[in-house]
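A.B. asks: Sequence:
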Amino acid sequence: MSRHRQSIGKEGEEIARRYLEKRGYKIITANYRTRHGEIDLIARDGATLVFIEVKTRTQERFGSPFAALTARKCLNISRVAQHYLITHGGTEQPARFDVVSVRPGETVEVEIVRNAFDLSP
89 MSRHRQSIGK
99 EGEEIARRYL
109 EKRGYKIITA
119 NYRTRHGEID
129 LIARDGATLV
139 FIEVKTRTQE
149 RFGSPFAALT
159 ARKCLNISRV
169 AQHYLITHGG
179 TEQPARFDVV
189 SVRPGETVEV
199 EIVRNAFDLS
209 P
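If you want the numbering used here, it's the 1-based position in the sequence shown plus 88.
No wet-lab data here; the hints were simulated from the structure.
For clarity, every value in this text was computed on a predicted model and none was experimentally measured.
Where hints are given, some of them may not hold.
[Stated by the list, open to error] Straight-line C-alpha distance at most 27 Å; calculated DSS-like pairs for lysine-lysine:
#: 1; residue 1: Lys98; residue 2: Lys114
#: 2; residue 1: Lys98; residue 2: Lys110
#: 3; residue 1: Lys161; residue 2: Lys98
#: 4; residue 1: Lys114; residue 2: Lys161
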């Protein structure tokens, strides 16, 4: 991944983090990694543990940020989330996956899809 794309991704994650915190999410960790991949943000929304994928796009020609979330990516995120739940003793707590779309620019656009997909076995 180019430095430019990494920079855009990090900017999008920071925008998403601030946006979520303003809406009451309590961020637990960022960039949680396992051999299966990475979850951008893990947070609490009330009693619910939320695994958050942030998708950032500066141009529409590559599709919307949500279009970048493939079935394979969802499966990998789900595996990382399962690892987190097992290693942090949280397999019985309510959890969900949210996706945050960020379009940085002169006017920043942020959109959240709650319960974007299910935890896969």
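A.B. asks: Each hint: holds or not?
C.D. replies: Going down the list of hints, with the structure as the test:
Restraint check for Lys98 and Lys114: satisfied, since their Cα atoms lie roughly 19 Å apart, inside the 27 Å limit. Between Lys98 and Lys110 the CA atoms are separated by roughly 19 Å; this keeps the pair inside 27 Å, and the hint holds. Proximity of Lys161 to Lys98 is assessed by CA-CA distance (about 18 Å); at most 27 Å being required, the pair is judged to hold. Simply put, Lys114 and Lys161 have alpha-carbon atoms about 24 Å apart, close enough for the 27 Å limit, and the pair holds.
Going through the hint list in order, the structure satisfies each hint without exception.
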